[in-house]
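Trainee: In case you want the letters, here they are:
2 protein chains.
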Amino acid sequence: MIDNPFYTHEFHGEYDLISIGRLDLEEGGSIPDCQLAVTTWGELNEAKDNAILITTWYSGTHQIWRDVYVGPEHALTPEKYFIVAVNQIGSGLSTSPHNAEGDLAMSTFPKVRIGDDVVAQERLLREQFGIEQLALVLGGSMGAQQTYEWAVRFPDRVRRAAPIAGTAQNTPHDFLYTETLNEAIWSDPGWNGGEYKSNAEVEAGLTRQAHIWGVMGFSTEFWKQEVWRALEFESKEAFLTGFLEPYFTVMDPNDLLTMAWKWQHGDVTRHTDGDLPAALGRITAKTFVMPINEDMFFPVRDCAAEQALIPNSELRVIDDVLGHLGLFGVAPTYMPQIDQHLGDLLATEV
Amino acid sequence: MIDNPFYTHEFHGEYDLISIGRLDLEEGGSIPDCQLAVTTWGELNEAKDNAILITTWYSGTHQIWRDVYVGPEHALTPEKYFIVAVNQIGSGLSTSPHNAEGDLAMSTFPKVRIGDDVVAQERLLREQFGIEQLALVLGGSMGAQQTYEWAVRFPDRVRRAAPIAGTAQNTPHDFLYTETLNEAIWSDPGWNGGEYKSNAEVEAGLTRQAHIWGVMGFSTEFWKQEVWRALEFESKEAFLTGFLEPYFTVMDPNDLLTMAWKWQHGDVTRHTDGDLPAALGRITAKTFVMPINEDMFFPVRDCAAEQALIPNSELRVIDDVLGHLGLFGVAPTYMPQIDQHLGDLLATEV
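Just so you know, the protein sequences line up as chains A and B, in that order. Position in the first sequence (first residue = 1) + 13 = the numbering used here. Position in the second sequence (first residue = 1) + 13 = the numbering used here.
Think of the hints as simulated: they come from the structure by calculation, not from any bench.
Chain copies aren't distinguished; within one or between two, either way the pair holds.
Under the rule of at most 27 Å between Cα atoms (straight-line distance), these lysine-lysine pairs were calculated in the DSSO-like manner:
| no. | residue 1 | residue 2 |
| --- | --- | --- |
| 1 | LYS237 | LYS124 |
| 2 | LYS210 | LYS124 |
| 3 | LYS249 | LYS124 |
| 4 | LYS61 | LYS93 |
| 5 | LYS237 | LYS249 |
Required output: the full structure, derived from the provided sequences and hints.
Mentor: Shown next, in the form of structure tokens:
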């Protein structure tokens, strides 16, 4: 167990650690006392039919959802909905390599799959809040993977789904991309097979990972148009050292590796012996598939190909020069599009 | 000086090492006895107006041009043209860190710019062959950079130009991409600040570089469609270990770093105080700008934006699911397009 100040209330504000008990894992082994870091907004109504689940992405937590996506001025309004954000296993807030003890600590942390998270979330929502059905499940990137997993695994528990900038079945290109992120960590002698004393010992590897994100996480146009100037940086180098590097270097390498493995192996066809049309055909939720047009590793065509296999779905493309990291909601044109689409989706009777 | 068997006639067939004497460099310093590795096909006619110059790309040599692009069945036919391929400085065949001695060896090798190569090539062509004007200059990727530099620096010496999958002014995204390739080398303890005994000591870093090429060098569709099956590999992992990794691990790290710096800093606006329209407006050559539609780091729009600034030019987009590394000419549909465009260009009276 490592004491990492980033994964605290000081940096992440209010959240509750809720135990769902023992979680048996798809890859074998179990987490004896699985803790999920949960934030909620709004009130669950008596019918318990106004619940929205937010899932989190690689390196992200509920924080970005709180700061950017949720509020009375947004489609995700606490005035109408009971919104629950559950930080994924390995996020650093929920049970993760760096905060686990004994047999689970650090390099011994087991492999966790998207399906494990969704099973854990379903149990949490049912046992903690009595929620049997969700008005909406959504998430970006790895959150989209969890959203698809929900819609395929528990079709009658999901009325609406909004996977943003992500896929139901991870692509081989995405797998290889994620592997270069992992190699940036593994290649740092300070990583030491996962048995470092502090994430600071892996700063060089985390910095290299940040640089690869700089290439793939934004678009070519983001850099060409110098969009970082709007964020008050004076050069692309200053943006790297002032934004991307500190974003990643505070994080825990083993936590990132746990999420990366999960991301790489995300695949709803585990429910249908590898048959993607069969898996996506199980979805009964009204689904808005929402890729970002400049995304370099979840390109629109990959998302559109999946959308075409989902019975009651629409393709809603987000226009954002930031590319995948448009998810941060930096562009002033981003949230109006998200709110429009989520508003339309929530207004759909299902 | 390192004895690297890859940079030999055994692997690269016939070429001549031709000295152009002392080359003073734009960044300062000089190469006292600059040797260029040169291959030619065909005969220079009496008017000396049938000469074509081929320039080389990062990690590439004349070899790929000989094996794929040049021949009586191609637009680049030795039956009609005198074709000269000049391997760039730092290529490993021409003067390069690993084959230099004394003050130039290894980590002490000076910074070389695209303009240095073009000045060296112009001198070589004039002094060695008496060529004052070229019927065509072409190249892919870094070869496109050299092609643009020729057309801007020596407008009256270039009648036609065909920059393939590259830009006249390197983009910031491209700069950052190349930096991740460099960091894969720099982060290998075996690199040792450039003072290794053999490229084998940097195998881990070169392997990581190969993996990053796997993400950016091909397209998302290349991986999704499993195009590597046509190359007789059984899995994407086998393609990585059987093709991409051995391609890079035989190469010299300092040579790659020399080319990478040159690539990163390629910019024809050095001739016009940073004014791109002015620089490209100097081009008098009939120019076909030939991006590859699936290229992830020289996207069509970047190439098209430059083409729009070139007076006598056309945009000829190559359709190839391989993306940037379509340049290898693996797809059976690639060379017919290249031959069509180059044939049209060579048939244009100028």
